[in-house]
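Spelled out, the chains give:
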Amino acid sequence: MNAVGAPLKRREDPKLLVGEGKYVDDIQVPGQLWMGMVRSPMAHAKIESIDTSAAEQAEGVHAVYTGPQLQEMGLWLAPLPCAWLVTDDMVNPPHYPLAMDEVHHVGEIVAIVLADSRYGAADAAELVVVDYAPLDPVASIAAARDGDATAHSEHDTNKAFHWPLVPDPDALDAAFANASHTVKAEFVQQRLIPAAMEPRGVLAVPSPMGGDVTLYSATQVPHILKVMAAATTGIPESKIRVIAPAVGGGFGAKLNINPDEILAISLANKLGRAVRWTESRTEAAFSTHQGRGQLQTIELAADADGKLMGCRVHIDADMGAYMMLITPGVPLLGSFLYTGVYAVPAFGFTCDGYFTNLTPTDAYRGAGRPEASYAIERAMDILAAEVGIGPDEIRRRNYLGGGDYFENLEVPSTLVFDSGHYGPNLDKALELAGYDDLRAEQARRRDAGERKQLGIGMVTYVEICGLAPSRALGGLNYGAGGWEHATVRLLPTGKAEVVSGSTPHGQGHETTWSQIVGDKLGIPPEDVTVLHSDTAISPLGLDTYGSRSLAVGGVAIAAACDKVVEKAKQIAAHSMEASADDLEFDGGMFSVSGSPDKQMAIQEIAFGAFTAHDLPDGMEPNLQEQVTFDPPNFVFPFGTHVCTVEIDEETGNVELLSYVAVDDCGNQINPMIVEGQLHGGIVQGVAQALWEEACYDEDGNLTNPSLMDYLVPSPTEVPSMVTDYTVTPSTSNPLGVKGAGEAGTISSAAAVMNAVVDALSPYGVKDMDMPATPQRVWRTIHEAKNGGAA
Amino acid sequence: MEVSMSVNGETRTSEVEPRTLLVHHLRDELGLTGTNIGCDTSSCGACTIHVDGESVKSCTMLAVQADGASITTIEGLASADGELHPMQAAFMECHGLQCGYCTPGMVMAATSLVAENPDGLDEAAVREGLEGNLCRCTGYHNIVKAVLSVGGGA
Chain D
1 MNAVGAPLKR
11 REDPKLLVGE
21 GKYVDDIQVP
31 GQLWMGMVRS
41 PMAHAKIESI
51 DTSAAEQAEG
61 VHAVYTGPQL
71 QEMGLWLAPL
81 PCAWLVTDDM
91 VNPPHYPLAM
101 DEVHHVGEIV
111 AIVLADSRYG
121 AADAAELVVV
131 DYAPLDPVAS
141 IAAARDGDAT
151 AHSEHDTNKA
161 FHWPLVPDPD
171 ALDAAFANAS
181 HTVKAEFVQQ
191 RLIPAAMEPR
201 GVLAVPSPMG
211 GDVTLYSATQ
221 VPHILKVMAA
231 ATTGIPESKI
241 RVIAPAVGGG
251 FGAKLNINPD
261 EILAISLANK
271 LGRAVRWTES
281 RTEAAFSTHQ
291 GRGQLQTIEL
301 AADADGKLMG
311 CRVHIDADMG
321 AYMMLITPGV
331 PLLGSFLYTG
341 VYAVPAFGFT
351 CDGYFTNLTP
361 TDAYRGAGRP
371 EASYAIERAM
381 DILAAEVGIG
391 PDEIRRRNYL
401 GGGDYFENLE
411 VPSTLVFDSG
421 HYGPNLDKAL
431 ELAGYDDLRA
441 EQARRRDAGE
451 RKQLGIGMVT
461 YVEICGLAPS
471 RALGGLNYGA
481 GGWEHATVRL
491 LPTGKAEVVS
501 GSTPHGQGHE
511 TTWSQIVGDK
521 LGIPPEDVTV
531 LHSDTAISPL
541 GLDTYGSRSL
551 AVGGVAIAAA
561 CDKVVEKAKQ
571 IAAHSMEASA
581 DDLEFDGGMF
591 SVSGSPDKQM
601 AIQEIAFGAF
611 TAHDLPDGME
621 PNLQEQVTFD
631 PPNFVFPFGT
641 HVCTVEIDEE
651 TGNVELLSYV
661 AVDDCGNQIN
671 PMIVEGQLHG
681 GIVQGVAQAL
691 WEEACYDEDG
701 NLTNPSLMDY
711 LVPSPTEVPS
721 MVTDYTVTPS
731 TSNPLGVKGA
741 GEAGTISSAA
751 AVMNAVVDAL
761 SPYGVKDMDM
771 PATPQRVWRT
781 IHEAKNGGAA
Chain A
791 MEVSMSVNGE
801 TRTSEVEPRT
811 LLVHHLRDEL
821 GLTGTNIGCD
831 TSSCGACTIH
841 VDGESVKSCT
851 MLAVQADGAS
861 ITTIEGLASA
871 DGELHPMQAA
881 FMECHGLQCG
891 YCTPGMVMAA
901 TSLVAENPDG
911 LDEAAVREGL
921 EGNLCRCTGY
931 HNIVKAVLSV
941 GGGA
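Protein chains in written order, with my numbering: chain D, 1 to 790; chain A, 791 to 944.
Bear in mind the hints are in silico, worked out from the structure with no lab data behind them.
A virtual CB, placed ideally from N, CA and C, is assigned to each residue, including glycine.
You may find that some hints are simply not true.
[What the hints assert, rightly or not] Listing some non-contacts, in silico: residues in chain D with all C-beta distances to chain A over 10 Å:
1) Leu-271
2) Val-592
3) Gly-618
4) Asn-622
5) Glu-625
6) Glu-693
[What the hints assert, rightly or not] The calculated lysine-lysine pairs, modelled on DSS-like cross-linking and capped at a C-alpha distance of 27 Å, are:
7) Lys-9(D) / Lys-935(A)
8) Lys-270(D) / Lys-239(D)
9) Lys-452(D) / Lys-785(D)
10) Lys-239(D) / Lys-22(D)
11) Lys-22(D) / Lys-495(D)
12) Lys-935(A) / Lys-15(D)
13) Lys-428(D) / Lys-935(A)
14) Lys-159(D) / Lys-46(D)
15) Lys-563(D) / Lys-598(D)
Please take these sequences and the hints and turn them into a complete structure.
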């Protein structure tokens with residue numbers, strides 16, 4: 001009876017398939033007030049005046065408030081939180097739910113209306129008249145770094161922090177001084193809009209029975225939100241209940257503490273009425289945080305054979321207008337991965353964070369690690385060309401452990417990789433892709449001068465996930481821990497109930513957790529109920545992000561099950577008058593070694609633990625155990641992806657012909673779910689490479705805020721994918737599991753761009769910015785052909 | 791204005807503001823919240839329903855335009871005894887959903903696509919047919935697989 005490892009169908013699905021998934025906007029309560037947001041159309045301006053009179057008189061309007069009014073009412077005690085003060089001197093301008101006297105990005109809230117209907121709130125918001133005095137906007141990271149304007153007029157610089165990770169500067173300089181080959185490349189990580197299909201929304205409901213207030217939010221982090229809402233509003237933590245109902249995707253965009261959340265809970269608490277808001281898609285593009293936004297410079301030093309000697313990285317990171325929950329920490333999450341899967345004796349990384357007058361950045365699927373993976377994997381291709389060997393060979397020559405199995409290996413960025421085995425993983429990917437045949441076909445097309453040329457790109461990535469050992473986070477100045485909590489109880493009826501601090505939004509936790517618990521307790525997975533995402537039911541938790549749920553939360557559940565079984569064993573020994581040491585536990589049955597007829601089912605023991613009529617002396621009734629697991633180390637999944645593109649040289653169009661992914665996330669609990677995670681992740685990274693970019697004009701206006709012109713891929717743009725696995729169990733946890741939620745995104749942008757550049761290499765093209773749109777590809781081809789002019 | 795329509799086999803009559811979008815009418819007035827809203831430009835397809843047998847993005851119609859129409863939403867697709875429609879079952883079987891938010895619209899669009907192509911669809915036709923429906927979780931791989939398992943023909 002092994003549920004673990006089986007592709008069990010998801011228990012989450014039936015409700016979602018018939019329209020019974022309850023997302024925030026689906027929940028209606030009597031007497032609710034709708035918030036309508038009045039947002040700044042200016043990227044940077046002083047607020048001269050706000051006239052709310054017309055809005056106040058509109059039908060169905062309850063109230064209209066400006067920032068200073070809400071401040072005066074005591075709606076908040078503190079600005080919105082940033083939990084990651086990456087340096088002691090980091091600049092962190094106060095970020096209130098509403099602008100006080102100066103706006104710092106288009107979409108910042110300057111006033112709110114409360115009305116009795118969805119449409120009424122939107123109408124009334126239109127009636128608020130705001131006078132602005134424009135200030136010079138800082139509309140790009142380069143302008144922030146090099147220009148005169150400052151994004152916050154009270155500061156004389158846009159630089160927020162400088163963060164170095166240079167373990168041995170002398171060794172790094174020596175590596176470059178002694179190298180046979182050096183390459184230097186600059187990459188742009190364009191801003192991306194996360195665009196989870198469910199827009200964010202909130203509903204705060206004061207309890208009619210007492211002083212508490214319940215906040216429903218489309219959030220990945222109800223537990224963190226509860227703590228931060230208490231700290232920000234002054235409502236006692238014990239009076240706040242946060243519920244993340246069905247949540248329609250997150251990808252990091254729902255990992256924040258947003259103005260609307262603080263406004264809703266605080267207004268509901270003050271007014272005694274339910275307060276709600278649901279963002280429109282276009283509103284989301286301006287107001288919900290964005291991802292990426294970095295200028296990267298990477299230099300590699302190598303010997304004559306292409307073996308790496310050193311890696312030096314600098315990035316300028318775009319914070320946007322404010323530090324949100326983990327804005328400044330995102331580039332740092334990547335800092336440790338710029339040497340990728342390679343043995344690099346000397347390493348140095350520096351990051352400067354800059355403010356701009358653009359929407360704040362923060363976590364987006366992979367958060368810092370896709371950027372790092374992109375830089376090293378693109379640079380390795382450039383180095384391969386410099387050395388004159390193939391992209392597969394440059395990787396083989398540099399893999400950690402020589403491509404052989406290793407465990408607990410310290411790398412120059414000071415991390416200890418749990419386990420890796422890169423050589424066979426590459427072999428498998430190349431074989432599945434038919435690599436030699438692809439190269440032959442590429443050569444044939446080139447020789448024939450065909451209009452549609454092939455490009456083949458490969459990536460071997462590693463990611464750091466399973467966030468995170470609390471001490472490691474403390475060492476990085478992060479303001480919280482990285483543990484996860486689980487409670488497992490075997491009920492009197494023999495069914496199990498699991499309370500998980502992880503908070504799913506599409507990952508299938510209920511199914512996966514039931515598989516772990518079913519096997520551990522020897523009961524059918526169908527007999528396991530999983531409770532989560534409600535701080536009243538699951539008071540302890542640190543939620544879902546950073547591919548942490550299984551490697552931290554799942555491990556906590558398994559450990560709690562072990563404790564349940566251990567207690568049950570003591571009861572079984574007592575009941576059967578045997579020594580606990582003589583008991584075996586298999587398939588839910590305790591039996592006495594050598595006396596196979598003496599046995600007791602764990603469900604029977606659960607009932608006995610409930611009645612407590614005959615428990616061992618001093619034992620507490622009931623079978624319920626809890627574990628808070630703080631991982632001793634991160635986990636480091638890896639894999640090799642091979643992508644083939646076809647470029648139409650006449651139109652510049654890039655078509656994905658095939659995508660092969662061989663991933664290694666250690667032991668798998670539900671391979672169907674793992675594969676689904678990879679599919680989605682891969683397409684999100686492909687989208688960065690080929691289509692997606694949040695485009696801004698020089699005044700700081702987002703020019704493509706809707707799904708008509710921000711190109712989230714549709715089914716026609718991507719092919720079906722080929723996925724396979726190698727299995728190298730983690731040494732960081734007893735389940736041997738790693739993580740799979742972000743892996744696809746961490747690898748695929750580089751794989752695609754390596755393929756695009758490979759296709760264009762006969763023209764001497766060595767690099768191209770993302771996204772590789774038809775226009776950009778066409779221009780690159782023609783500039784290369786014409787020696788610089790399109 | 792008064793509008794009356796058959797929704798999942800039941801006649802529903804209500805007073806609406808003339809500007810009310812059909813999707814808001816279904817969700818806020820009739821309580822049929824299975825039909826989701828994912829954008830404001832008719833790009834994402836999360837609100838896809840059937841109007842007189844054809845798939846329609848319900849954010850592109852006013853409620854008053856549906857006066858007299860026969861509407862099926864995701865709540866009306868499974869049989870009365872709760873058995874899933876073959877397309878719903880295929881999505882579950884093929885892991886064609888993760889967060890589930892695009893799913894009602896995707897399933898409604900897919901059932902309509904299959905009905906319009908009784909001779910069967912190939913992968914390219916499925917992808918073309920679902921072009922107006924966006925999913926951010928699945929990369930479409932398993933959605934396409936699910937639709938082909940129902941409407942792929944012989």
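(request) Could you work out which earlier hints the structure fails to respect and list their numbers in ascending sequence? (result) Every hint satisfied by this model.
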